[in-house]
Structures are given as structure tokens and as C-alpha cells.
Amino acid sequence: MAGRVPPGSPDPAGPILAADHISLSRGGRTVLHDVTAGFQQGAVTAIVGPSGAGKTSLLRCFNRLEQPERGTVRLEGSDIRALDPTVLRRRVGMIFQTPVVFEGGVRANLAYGLEQSSDDDLAGALEAAGLPASFLDRAATALSVGQAQRVCIARALVRRPQVLLMDEPTSALDVDASRVVEALIARLGSSGLTVVLVTHDLAQARRLSRRALLLSAGEVVGEGSMDVIEAAWGAWPRT
Amino acid sequence: MGSMATDLTAIALSLLLVVVAIGISFRRKLHLEKELVVAATRAMVQLFILAALIRAVFASLGLTSLLLIVMLAAATFTSARRLVGVPGSTWVSGVSIAASSGFALIVLFALGIFEPEPRVIIPVAGILIGNTMTATSLAGARMRDELTRNLADIESRLALGVRLKIALAPYVRTATVNSLIPTIDATKNVGLVTLPGAFVGMMLGGASPVLAAQVQLIVLFMLLGAVSLAAMIATILVVRRYRTEGERIVVSESLPL
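Protein sequence lines, in the order shown, are assigned to chains B and R.
Take the first sequence: its position 157, counting from 1, is numbered 156 in numbering that gives the first Met the number 0, and each next residue is one higher.
Take the second sequence: its position 187, counting from 1, is numbered 186 in numbering that gives the first Met the number 0, and each next residue is one higher.
Hints are computed from structural coordinates only; laboratory data are not their basis.
One or more hints might be untrue.
When the alpha-carbon atoms are kept at most 20 Å apart in a straight line, the in silico EDC-like pairs for lysine to aspartate or glutamate are as follows [as the list claims (entries may be wrong)]:
1) R:Lys164 / R:Glu244
2) R:Lys164 / R:Asp144
3) R:Lys164 / R:Glu154
4) R:Lys164 / B:Asp200
5) R:Lys164 / B:Glu102
6) R:Lys164 / R:Asp152
7) R:Lys164 / B:Glu218
Kindly produce the complete structure, drawing on both the sequences and the hints.
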């Protein structure tokens, strides 16, 4: 394994989301060790690495589903601990590996927890997730896994997040559904949404992002362009 | 009731029914004869000892308090064993049973519904502690299972920016309803399907059916209140054992008290 690759040139505007020397352990085992990373606004940045590298744990620190013991996570320069967690989680949405839809219809799923929502807003989010407005009246349990994942993406988008965290969003999907969701991620990225994408698939990271973070055993071992990342880990399978 | 000798004769005669059971067991080769003899003997010995003890306890408020503590401790440890995996399960069970039973007892005695004397306190507290123990075990264990089995669902809700209380609401509801169904069904069907203990006991003791029904209604209503309270307290306490700062729950590790 190669040593740490120097980060690419800094964005003058600074990262919208940043991890500053964060460490996390679980059950006495170190999961993340002194991780520092920044994510640029309006870009899709991948977090890659082998299974058990700490990718998901790092992602969960960004919306406080995990609380690092040391270090700080900053959103637009401010410590996220200063934010109400519910406010933070609307600004930093999250898509999980396996889509979870709640009981009821798609409309109720999208509007879940919102004080008020119009059908126009909900239909707009569905369309942004590549689903027609007619899906609002569908039963959530009648969706395919791919459709359910897109409903989950729409459910996050309704909250108008600044950042969307995506944890292996295609790994539970078949090939066709994966392609649809990948195209959707690319569209979201080009629309100016900041996306942090966890994937174990370097080819997918290359298709969707220009920059990535390489994690191994809870530490950052590479950060920069996809070429840099591939070079950082020569043993990585090239697909 | 008649004299002691008559009562002993009645018990001896009622043992004929045990003999019938033993006969069926022998005839049908159920091999339950020994079990039936042991069960009947144990029941007689235990109840005679209990009767003797209670006669002593009824005469003393100190012994009454001691017995209540023993009952509460036994219920707490029994319930805590059902809450295995919940950090601080003994504390959860003890608080839930003591608070719900205690509240019902205070209401019953403060409002003068029952006389606060040992011969009333002990059976009423016994019914309350027994039923709140069951409700605590059912609600607490179901709450633990809901939290641990539905973590992905709960975190999906939290990630949408809702409060933990809102995210957990469907699971708290399931756990609470699940634990209350036996009591609600028993109350609904009283007199139709079941003739409950207080009613039967008073009737056998020679009380009028109307008085027996009155007392039974008081018992049922106090149980509805106490059991609901126990279920609510147990679910709240179990959630508190798993919740942590930042509107999230941690189920993989035990949290310190």
C-alpha cells in the first residue's frame, strides 16, 4: 500500500463539509483514526476503500449518527455539534445502502416529519429523483428496490439539503437499477448539490466523481483526483 | 364456612378429583401420576404455610412492609431476567413496577376505596405487583426488540431530521399496545369468558354477587391504570437506556448508568 498522497489544490472557497482530525472507536476497536478531509461544494466526492475501512462510519459522523470521540466535523466552517441534530440532518441528507420505505404511500413517505409540504414540492422531488408525479399515490410497499431507493432520494431532496451523503446507494440494486441511480447521482452533482458517495467500487467512483478519499483501516491513505487515488493503491482492481 | 374439621373433610373430598386425574394419567399412560401427587402435596403445604405466615403478617405493619419489599424484589428480578441485554435492566424493572404499583396503591388508599390495613394492602399490592411485573416484562422486552431489530428503519427516520421521540413513536406504540392487550382483553371479556379471581374468591367466601362484582370492578380498573402506567414507564426507561446525545440511539454497546 502506498503512503498518503498529498491533497489536491485547495478550493479558495473552502470545503462545505470537513472532518478535522476525527477519531472514532466502537467496542474498544478503533474505527476511524485522525481523519482529516474536506468536501467541495457542488461536487460529487467519493470515499473509497476496502470493506471495513471505516467509510460508512465516516459518513455517519457527518450527520451525527455517530459521534467521534475526538476531532470536529464542520459544515460551512461551523462545528456541527453547535447545530440542532434535526436541523443538521435536513441540511445534510443521507441515503442508505438498503432503501427503507415507511408504511403508507409514497406521498406520506416524502412528507414524513415535515411540518408542511405541498404536492408540488413532493412531485418536484420525485421528478428530481427520476420518478413521475403519479408515484405520489403508490403504496410504498409496492415499489421495486430500485424505485424504493429513488423514493428515498426524493425523500431526502424534499428537505432541500446542502449535502447528500450516499452510502453504497447502488449495492442493493440490480444492474439496470444501479445504472438509473448512477445517472441520477451524476445529475444531482451537476445540478450543484454536494454529494459524498461511499462506494467500494472504484469504477463507479471514477464514473461519478473527479475527486476521492481513500480510506484503509480507519485512516486516510489517499486524497485527490481519481488518478491519484488509483496510484495510491496499486493493488486496487482496475475495472 | 363451617368448622375446621368440616373444611379439612372438604379438602380431603376435593382431593378425589386429583385421584381422578391420577387415574386418567395411569389409564392413558401419561406418566403424570408422580407429578400430580407432588403438585397437590406442594400446593397444600405451601398454602398452609402461607396462611400461617399471613396470619402473623396481618398483625404487624412492620412485617407487612417487609413482605411488600420481598414481593417487589422478587418481581423486579423476575422481570429483569426478561429484559436481558437492556443495560441496567434491574433498575428499569424495579422503577417501572414500584412506580406503577405504588401510584395505584396510593390512589386506592388516599381516596378511601380500600382500607389501608395489612389484610387489604397485601392482596391488593400482590395483584398490582404481579400484573405490573408482566406488563413491564412484555413492554420492556418488546421495546428492546423493536429498537435492535429496526435500527435501519429508525436511523432512516432520524436521517430525515426528525426528533428521536418522533422516529421511535411507532415502535413505542407497538411495544405498549402489545403489553396491554392481555389486560384489555381480560377486562373486555370479564363475566363472558372469564370469572376473575377476586369475584370467584368473594363468592366462595360467602359474599353477595353484587358486592363481589363491585370489588372485581375496582380491581379491574386499578389494573388497567397500573398496567398502562407500567407499560409506559418501561418503554420510556428502555428507550432512555439506549438513547444518547445528538438525537440518536446506540444499541451495539451497553451504556453506563
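For each hint, the structure was consulted:
| no. | hint | verdict |
| --- | --- | --- |
| 1 | R:Lys164 / R:Glu244 | holds, 13 Å |
| 2 | R:Lys164 / R:Asp144 | holds, 17 Å |
| 3 | R:Lys164 / R:Glu154 | holds, 12 Å |
| 4 | R:Lys164 / B:Asp200 | violated, 36 Å |
| 5 | R:Lys164 / B:Glu102 | holds, 18 Å |
| 6 | R:Lys164 / R:Asp152 | holds, 14 Å |
| 7 | R:Lys164 / B:Glu218 | violated, 34 Å |
In this structure, the hints that do not hold are numbers 4 and 7, in rising order.
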